[in-house]
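Model the full assembly from the supplied sequences, consistent with the hints where possible.
At position 90 of the sequence shown the residue is numbered 90 (UniProt numbering), and the sequence of numbers has no breaks.
Take these hints with a grain of salt, some might be off.
[Said to hold, decoys possible] In the DSSO-like style, the derived pairs of lysine-lysine whose C-alpha atoms are separated by at most 27 Å in a straight line are:
1. K265 x K168
2. K50 x K382
3. K223 x K119
4. K177 x K288
5. K268 x K166
6. K318 x K46
7. K68 x K46
8. K189 x K166
9. K265 x K177
10. K50 x K217
11. K42 x K318
12. K288 x K42
13. K338 x K245
14. K148 x K381
15. K265 x K279
16. K265 x K288
17. K177 x K318
18. K279 x K168
19. K219 x K288
20. K223 x K50
21. K268 x K279
22. K265 x K50
23. K166 x K177
24. K223 x K288
25. K381 x K189
26. K189 x K316
27. K46 x K381
28. K245 x K189
29. K219 x K318
30. K288 x K166
31. K279 x K177
32. K189 x K288
33. K119 x K177
What the hints contain is simulated information worked out from the structure, not anything from laboratory work.
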Amino acid sequence: MALFEYISELFLSGGIRPYGLCLIFLGLYWLYYRLNVIRPVKLHSKPGTKFDTFIRNCLMDILEEDYKPSFWFFEARIQTVFASLIRSIIPDILYRREILAMSDGGEVVLDWNSKNVNKADTPIILILPGLTGNSQSEYIKNMCIITKDLGYKAVVFNYRGMGGHKLKTPRTYCATKTDDLSEVIDHIKTCFPNAPLMAVGVSLGGMKLGNYLSTNKEKVIGKLVTVMMISVCWDPFTGCTSLEKTGLNLLLNRHLATCLVNTVKEAKHHFENDILDLKRVFSSTTIKEFDSSFTIHQFGYNDVSEYYQDASLIGKLKNIRIPVLAINSNDDPFQPGKTIPCGEAVETDNIGILTTEYGGHIGFLEGYIPNRICFTDRVFKKLATAVFETEELSKITSSDVPE
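Set out below in structure tokens:
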């Protein structure tokens with residue numbers, strides 16, 4: 001305080017010109033950044049397990065360095081928005097589109113992107129977008145480009161009614177119902193039985209993968225080699241509470257709610273029935289309001305609390321039988337760090353959670369001049385390469401899991 005008052009007096013007396021004050025402010029800002037923002041990357045996994053050893057070898061240089069979020073906008077909400085803006089310069093990808101019929105008559109879309117389209121044993125990475133995402137979402141395109149550059153096949157799972165494909169039946173998607181995902185994985189393995197398959201879920205996509213893995217347990221072994229989850233919302237209750245705080249959190253919340261409402265409006269003719277109150281659905285201004293008026297009725301829940309309890313991954317890690325690496329930032333407005341289940345991960349043989357102090361939600365920009373390649377992209381690239389270029393993870397999957 002004394003320093004601030006001293007500088008203020010100098011400025012008011014004419015002792016410091018405006019540009020000098022700017023330099024002082026920039027210097028203090030840099031000092032704060034160096035002392036309070038740059039923090040080590042932490043891996044939460046069970047010491048001594050094969051998976052812990054694998055991940056520490058795979059990410060050795062990343063774990064030895066500090067995570068340095070973008071100098072100019074490290075604050076969670078600002079980084080979340082700017083990351084999206086920076087990645088938005090990526091042009092749309094011309095995918096090879098596959099329309100896949102589900103067993104109940106609905107349809108989903110798989111968008112493929114690869115160099116080796118016809119090679120039967122080329123590794124495949126299945127990518128699940130976030131709550132309102134699709135194959136042209138900027139963070140998804142980024143991962144597809146990286147996957148293709150590595151020589152692997154990327155396939156994006158566009159949920160029902162997403163990716164520009166019209167909804168065929170009155171059913172959409174949510175965090176808990178994973179039968180569509182199960183059919184997609186079985187379809188890919190039927191078409192490419194000799195190709196190792198890895199899955200990556202972002203935000204809601206991570207929740208869907210987590211619930212799929214914990215529900216199917218041993219049935220997943222042999223289908224997926226490993227799973228990576230980015231900015232996953234482990235606990236919808238705390239995530240919802242955080243997003244309903246006044247300010248930027250609420251603005252992000254309302255933006256996503258508007259996107260969700262618009263998806264229903266586009267397929268309004270499917271939902272004109274006695275189950276849904278469309279007037280209430282269309283007036284939803286938050287994700288929780290949308291879930292209360294639409295999602296719970298779609299999927300048979302009594303109330304939103306029952307849905308969120310079912311969607312939560314807290315307490316479910318012990319049921320997962322294949323290696324999983326998750327990445328979360330402690331300042332994620334969608335999932336505050338205090339409820340990330342790091343303690344659970346340390347008690348399991350095949351789960352690792354990588355945490356950074358800053359990063360926002362699907363942000364993780366780095367350095368003084370950030371670009372589209374962020375921290376999670378670097379981790380993704382290293383993990384995918386290690387998974388497909390060595391056989392270590394297949395040994396972990398088959399022998400180093402709980403009974």
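Find the hints from earlier in the document that the structure breaks and name them by number, from lowest to highest. Violated: hints 12, 19, 22, 24, 28, 32, 33.
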